[in-house]
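Protein chains in written order, with this note's numbering: chain A, 4 to 342; chain B, 4 to 342; chain C, 4 to 342; chain D, 4 to 342.
Any given hint could turn out to be false.
Where chains are identical, the list cannot tell them apart; a pair therefore holds if satisfied intra-copy or between any two copies.
Straight-line distance between alpha carbons at most 25 Å, and here's what the computed PhoX-like set of lysine-lysine pairs gives [unchecked claim]: (1) K9 / K309; (2) K9 / K263; (3) K309 / K263; (4) K73 / K9; (5) K152 / K122; (6) K338 / K9; (7) K97 / K309; (8) K338 / K152; (9) K309 / K122; (10) K122 / K9; (11) K263 / K122; (12) K152 / K73.
In case anyone wonders, no lab produced these hints; they're calculated from the structure.
All figures in this text were calculated on a predicted structure; none of them were measured in a lab.
4 protein chains.
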Amino acid sequence: MIVAMKENATEEQIQNVISRMVDIGFNVHRTTGTQQTVLAGVGSPASFDVQDFQLMSGVAEAHRITFPYKLAGRGFRPEGTVIRFSNGVEVGGKEIVVMAGPCSVESREQIFTSAKQVKASGAKFLRGGAYKPRSSPYSFQGMGIEGLKLLREVGDAMGLLIISEVMEISQIELMLPYVDCFQVGARNMQNFNLLRELGLARRPVLLKRGIAATIEEVLLSAEYILSGGNYDVMLCERGIRTYETYTRNTMDISAIPVLKHLSHLPVLGDPSHGTGRRDLVPALARASVAAGCDGLLMEVHPNPDKAVSDGAQSLFPEQFATLMEELRLVATAVKRSIS
Amino acid sequence: MIVAMKENATEEQIQNVISRMVDIGFNVHRTTGTQQTVLAGVGSPASFDVQDFQLMSGVAEAHRITFPYKLAGRGFRPEGTVIRFSNGVEVGGKEIVVMAGPCSVESREQIFTSAKQVKASGAKFLRGGAYKPRSSPYSFQGMGIEGLKLLREVGDAMGLLIISEVMEISQIELMLPYVDCFQVGARNMQNFNLLRELGLARRPVLLKRGIAATIEEVLLSAEYILSGGNYDVMLCERGIRTYETYTRNTMDISAIPVLKHLSHLPVLGDPSHGTGRRDLVPALARASVAAGCDGLLMEVHPNPDKAVSDGAQSLFPEQFATLMEELRLVATAVKRSIS
Amino acid sequence: MIVAMKENATEEQIQNVISRMVDIGFNVHRTTGTQQTVLAGVGSPASFDVQDFQLMSGVAEAHRITFPYKLAGRGFRPEGTVIRFSNGVEVGGKEIVVMAGPCSVESREQIFTSAKQVKASGAKFLRGGAYKPRSSPYSFQGMGIEGLKLLREVGDAMGLLIISEVMEISQIELMLPYVDCFQVGARNMQNFNLLRELGLARRPVLLKRGIAATIEEVLLSAEYILSGGNYDVMLCERGIRTYETYTRNTMDISAIPVLKHLSHLPVLGDPSHGTGRRDLVPALARASVAAGCDGLLMEVHPNPDKAVSDGAQSLFPEQFATLMEELRLVATAVKRSIS
Amino acid sequence: MIVAMKENATEEQIQNVISRMVDIGFNVHRTTGTQQTVLAGVGSPASFDVQDFQLMSGVAEAHRITFPYKLAGRGFRPEGTVIRFSNGVEVGGKEIVVMAGPCSVESREQIFTSAKQVKASGAKFLRGGAYKPRSSPYSFQGMGIEGLKLLREVGDAMGLLIISEVMEISQIELMLPYVDCFQVGARNMQNFNLLRELGLARRPVLLKRGIAATIEEVLLSAEYILSGGNYDVMLCERGIRTYETYTRNTMDISAIPVLKHLSHLPVLGDPSHGTGRRDLVPALARASVAAGCDGLLMEVHPNPDKAVSDGAQSLFPEQFATLMEELRLVATAVKRSIS
């Protein structure tokens, strides 16, 4: 941490700041300029709030220098994390992995049809919600355990990995037999109790960026999972909330290279939630690949107009097939591949 | 719902839209203009997504007209909700109720000192976190059950009501003996499973606005609690995330009169989180009262510079005492009072 | 400026940063820690970009410490600026000054009626646009010079000061005979050529915060005017753009005390543009006064439903009269007055 | 326009709304439902404010249906606009056009070196600022006319088209002999007087999206230029302001396909301002091409560490050369080319 004192700070004020820095575990190096005194705190105390210093008498500015995450930082594993799944699929390697399927599992027929369609076009994971976070209590809330069983059955039948959203602690145990990867939704990115429990699970987790989460907050939430011992975490950019209302969210494509730069964890893009509009999904899916993502999460539905949720942002199966062809070309341009 | 077709929409496109509207439960009134056909959906289907219609062929625009919340809307109780607590304190009545105390319960001495100080200045509730949502897994996470016991003890001793944050379902049962009011933090505003369970609890709930939640989303989250049968819900504006970084958040003072207008639920302001800076808390507390809030939630600490969390936004006890005097004057100007 | 080097920064990288700091005029104090080297740049070079340093090899973080504005900072005039107008009205003193009137001057009758109404309720300035910045080229663009003449005539007749918006350089000369104060709208807050010319004018300027301007950018724009020698500048918070759409803008009430803290310039609030809705204007006007503003700018129209622009946010004259009574009470609570 | 009345609206309220709709030029179609009356306004009045209706007594919601821009809309020229320059370069055709060069013209040597470098890698336009909008009055403000002369000289010598920023009306005449294309910066996107004058100029204009401008506002600003008779307008996405501070702005890649969908005008991307960081420019440049842009505007400097402005976001010449190779591959994937 660096604390710059005001030009007219008194010696007493300076000593107060120094003693507080020492209290929390810093070694303090002092630079007394003709105009301004600067205090550099060296060392890394477990936790402190830089805002406390910003308000102390005589302080002009205080800045934290070290990042508050450790395990999630690129420095922890400079070569990058590759997550290996049972059937040999790897996320974080040379190949870009596509996860696709409907927003919600609606019926046996719907999910089997979906699985066949996304598999045919090259998806490696089938996505589908069994527990649905809906802003209205009156909206469809998912098929629950029945949906999970259908997912597992079709996954096994078709050779697809299964990813599905977990919304609370009690569902972790329940979902373990059915899913290959837990998905944490944007609304739960800071549900810290849930993250901590997922850190104890031995199953990969895809963590979505919250709708107003900073890059640093995403990495701190990942840190909750990693610090429990579960290192198989993927991050996912899915659009942030801005003033622009034409799209449901504003997909922050720059978050993809930024997260890759700051962290060793694989980074995916979700252009379905990122845009909220089927007609924009292909452009943003291509952009995600061009920007360096390790995978994509996309909604595809056999009949989007009849979908019980998120129909507007679900691709028609034939759109998905065409898009996959385009993505293969873009992947080549960035020296990656999509099988 | 209103669907305006494009000028060149075909009859087939129009019929497709009509049949989908009928499918979900609308009666459809059609207006065929010389330029444009407009379809008005009358009735109130339990749940539908207006975005589905926006993307249908031939559609220019689709707008939902009815609000998706029912119990939270002003129309449900035009006279406004007044929540009555055991000791006679009422939230939502003529008196503006102040809830104050430290961010976290840290020790017996700290919480007793805090209680005495806030009580002396006129607070009716003691606030204090026993379970703390912290962005970093390495930060202090609260005293847990020990903290709750201290809160109850001091509350009983001093005649103060107790409000404390609940972070997950398993804590509800655990906290019931100790708190007079549950607080749902901004990060959990859309933790729907938690909200649903709180709807079944027989204890008032203060629901904070999420950091990027719209007014409508706040009311839909309240609806989750109300629809479980728990009608004692208070809303709380605590700052939203914007591009401005001088303050921790941007306190949306206009949300206070807007929520009062749209809903019958009492509305509080939290200028401590709203600004993140002690020096700004008084101005925003006064502004909240001037704008019509029913109460305030504020952080006060016996020694903010030694607080384990949120010290920068905690008032000194003497600041709080002065502020309470100012607030009493502002309350008079809006025909309210603070005892 | 402070530059913190990465833990593994090489001596060559450190020397590169030092030499670049020296190049732009800093004296550099170096602190070599066991883990990290910190460079403190002392002195105040006229202009530099801290981002340049953030990207240099071996740099972990770079922070500018000194504020880039000088004349606009509170330190330049710690006692605060009071702007005195010809008729003895002062902005920035104990009295809170109200400026009111229609969005646009529409006709002789409309502006005379408006003037009489706002004067009767206690306004000191008549506001009214003669040149209107409209997002659509097909909207009413103002009466121009004819509108200015009407403003002057009615101002003289009624003893009201005149404030009106200037949109480009050529209008400055033109407007000088007619207005007592120039208003720079939010869209022109960073029209630097215009600001520079206003710095040469000998007439007070009210500078509105841009719709997405940071506090620092507001003060830098004020600096453009001040640095030309015109020190009679008022700042005005009028709402910023956020994700919330219920209100036209989100009025950042905290900007009022923040600007008062950082600068010596008077600060006004504009709840009409801040909310965009007549029904919210009174609450936010009261909040502005409670938060410490030096004045208010409000739209009032003899018949808002017939206004050619901004009718939805214009108060009815009787609403304005009632509001002024409330504001007088709130002013007392903060030891100010409204005549 | 559609106006939905409240369920309990009186006949008098309905008649008031109808008569106001008729006043501004609508034909009104009324649908009287059992619960709710809906009024559809047919026709297209030159200009009206939908907010006026939202606040009328008895109104539940009011929505404008028709877009307020006409000439900028896709319907005006469904096949898309192609802008042809003197040397045969076309923007809006199959080829993606790259405009590159330093932020500011600094010296004869710098601009000649820049021109040679960007030309060698395939740029068709040389960019360089002669008039610079700087937030601080103490920053370098550009070389002015001398800079323009250098641009023209080097453009002619190297066969590069010249694009440079215009900041105010008086500069239009002055710049005409020297530039092939005017650039309107983000801060001037709503400087309507400037836009109107550019509508009278016979020279293409590149219009940058304002830092907080909606898609609709971009198109309305374009409409100002088009309505003056100048149809050679290009739009440019350059990042919007959000809560995220890791990047200078958040580049809204989805704006590229959205603007292409709504308008016939060519759309460019500016990843330099979009990110503010040289290390992110390549990823976002590739993403822009993958998302369907017609061109790119990028800052390249012979020696970014010595640049007088925007050095942190300027590419090194060798980075630019490598990037251009990557872009050619991505262009192929979307059936476009870069020569």
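To see whether the hints hold, each was checked on the structure:
1. K9 / K309: between (63 Å within a copy, 22 Å between copies)
2. K9 / K263: between (37 Å within a copy, 18 Å between copies)
3. K309 / K263: Answer is neither; intra-copy 37 Å and inter-copy 28 Å both fail.
4. K73 / K9: between (32 Å within a copy, 15 Å between copies)
5. K152 / K122: This pair counts as within: shortest intra-copy Cα distance 19 Å, inter-copy 55 Å.
6. K338 / K9: Cα proximity of K338 and K9: none, with 51 Å in one copy and 30 Å across.
7. K97 / K309: Classified as neither: same-chain Cα gap 37 Å, cross-chain 37 Å, threshold 25 Å.
8. K338 / K152: neither (38 Å within a copy, 43 Å between copies)
9. K309 / K122: Within one copy only: 21 Å inside a chain, 53 Å across chains, cut-off 25 Å.
10. K122 / K9: neither (63 Å within a copy, 36 Å between copies)
11. K263 / K122: Classified as neither: same-chain Cα gap 28 Å, cross-chain 32 Å, threshold 25 Å.
12. K152 / K73: Result: close neither inside a copy nor across copies, 37 Å intra and 35 Å inter.
The structure is inconsistent with the numbered hints 3, 6, 7, 8, 10, 11 and 12, although it conforms to all the rest.
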